[in-house]
Amino acid sequence: GAVVSQHPSWVICKSGTSVKIECRSLDFQATTMFWYRQFPKQSLMLMATSNEGSKATYEQGVEKDKFLINHASLTLSTLTVTSAHPEDSSFYICSARDPARGAGELFFGEGSRLTVL
Amino acid sequence: KQEVTQIPAALSVPEGENLVLNCSFTDSAIYNLQWFRQDPGKGLTSLLLIQSSQREQTSGRLNASLDKSSGRSTLYIAASQPGDSATYLCAVRGHTGANSKLTFGKGITLSVRP
Numbered sequence: 001g002a003v004v005s006q007h008p009s010w011v012i013c014k015s016g017t018s019v020k021i022e023c024r025s026l027d028f029q030a031t032t033m034f035w036y037r038q039f040p041k042q043s044l045m046l047m048a049t050s051n052e053g054s055k056a057t058y059e060q061g062v063e064k065d066k067f068l069i070n071h072a073s074l075t076l077s078t079l080t081v082t083s084a085h086p087e088d089s090s091f092y093i094c095s096a097r098d099p100a101r102g103a104g105e106l107f108f109g110e111g112s113r114l115t116v117l
Numbered sequence: 001k002q003e004v005t006q007i008p009a010a011l012s013v014p015e016g017e018n019l020v021l022n023c024s025f026t027d028s029a030i031y032n033l034q035w036f037r038q039d040p041g042k043g044l045t046s047l048l049l050i051q052s053s054q055r056e057q058t059s060g061r062l063n064a065s066l067d068k069s070s071g072r073s074t075l076y077i078a079a080s081q082p083g084d085s086a087t088y089l090c091a092v093r094g095h096t097g098a099n100s101k102l103t104f105g106k107g108i109t110l111s112v113r114p
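One line per chain: the protein sequences are A and B, in this order.
Taking this note's numbering, the leading residue of the first sequence gets 1, the next gets one more, and so forth.
Taking this note's numbering, the leading residue of the second sequence gets 1, the next gets one more, and so forth.
These are computed hints drawn from the structure, not numbers from a lab.
Wrong hints could be hidden among the right ones.
What the hints assert, rightly or not - List time: in silico DSS-like cross-link candidates among lysine-lysine, alpha-carbon distance up to 27 Å:
1) B/Lys-1 <-> A/Lys-64
2) A/Lys-66 <-> B/Lys-106
3) B/Lys-42 <-> A/Lys-41
4) B/Lys-42 <-> A/Lys-64
5) A/Lys-14 <-> B/Lys-42
6) B/Lys-101 <-> A/Lys-14
7) A/Lys-20 <-> B/Lys-101
8) A/Lys-14 <-> B/Lys-1
9) A/Lys-66 <-> A/Lys-20
10) A/Lys-41 <-> B/Lys-1
11) A/Lys-64 <-> B/Lys-101
12) B/Lys-68 <-> A/Lys-55
13) A/Lys-14 <-> A/Lys-41
14) B/Lys-101 <-> B/Lys-1
15) A/Lys-64 <-> B/Lys-106
16) B/Lys-42 <-> A/Lys-20
17) A/Lys-55 <-> A/Lys-41
18) A/Lys-66 <-> B/Lys-68
19) B/Lys-106 <-> A/Lys-41
20) A/Lys-66 <-> B/Lys-101
21) A/Lys-14 <-> B/Lys-68
Unchecked claim - If you anchor each label on the Cβ, the simulated ranges turn out as follows:
22) A/Ser-54 <-> B/Thr-5: 33 to 41 Å
23) A/Met-45 <-> B/Asn-22: 19 to 27 Å
24) B/Val-20 <-> A/Asn-70: 36 to 44 Å
25) B/Thr-45 <-> A/Thr-57: 19 to 27 Å
26) B/Ala-79 <-> A/Gln-29: 37 to 45 Å
27) A/Ile-12 <-> B/Ala-9: 28 to 36 Å
28) B/Ala-79 <-> A/Ala-100: 29 to 37 Å
29) B/Arg-113 <-> A/Val-3: 31 to 39 Å
30) B/Thr-45 <-> A/Ser-83: 27 to 35 Å
31) A/Val-3 <-> B/Ser-69: 44 to 52 Å
32) A/Trp-10 <-> B/Pro-8: 39 to 47 Å
33) A/Ser-5 <-> B/Glu-15: 43 to 51 Å
34) A/Leu-76 <-> B/Glu-15: 37 to 45 Å
35) B/Lys-1 <-> A/His-85: 26 to 34 Å
Note that CB positions come from ideal geometry on N, CA and C, so glycine has one too.
Turn these sequences into a full structure, and let the hints guide you.
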């Protein structure tokens, strides 16, 4: 149980285009999902907290208009990187907590590697 | 601001060895601590979760301990195997509860030699 799935696992796009990454909780409902970014050999950095039915909460320094987050259902959150540039190339990972477990344990998706040419 | 440190950044051991991975954090007011495994180019797999009131958790060959007052946690891996080769990250959650921010260390990349 507590499976989180991300799609796509990798994407290559041209500079200036927008890319959407999906995060799904497959066997539980997640009112809250988290989006992280990871650079090579670095920690995961929290970008934003996605709340079902309301606006996402962004961490300091993360551009809201650049990284659009939508959490329209209890099993799906999406991250759209708008007008992507090479510096946006990174590994993006989402996570979710299963409220039924109550322990605060986070489960992560497989990650999505974005390469912007 | 919470900071999580994992030293060394990389570790190489022969197969069969018991080993300890260390994690330290600066703010002892935490809700819980979680150890993860990350294979190259992949997401994170949760290994063990220790609540702030607990001292240790065990799962198979893995044992994680928590000393909250000193800001330390260790992940013990018994009888290491080549399949254990991966990056191990620890992360602490803020004291405000289950949805509070998770702060990660940079991870320890473990290589187990056959």
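Inset, instruction - Would you list, in rising numerical order, the hints stated earlier that this structure does not obey? - result: Violated: hints 6, 8, 12, 17, 18, 21, 31, 32 and 33.
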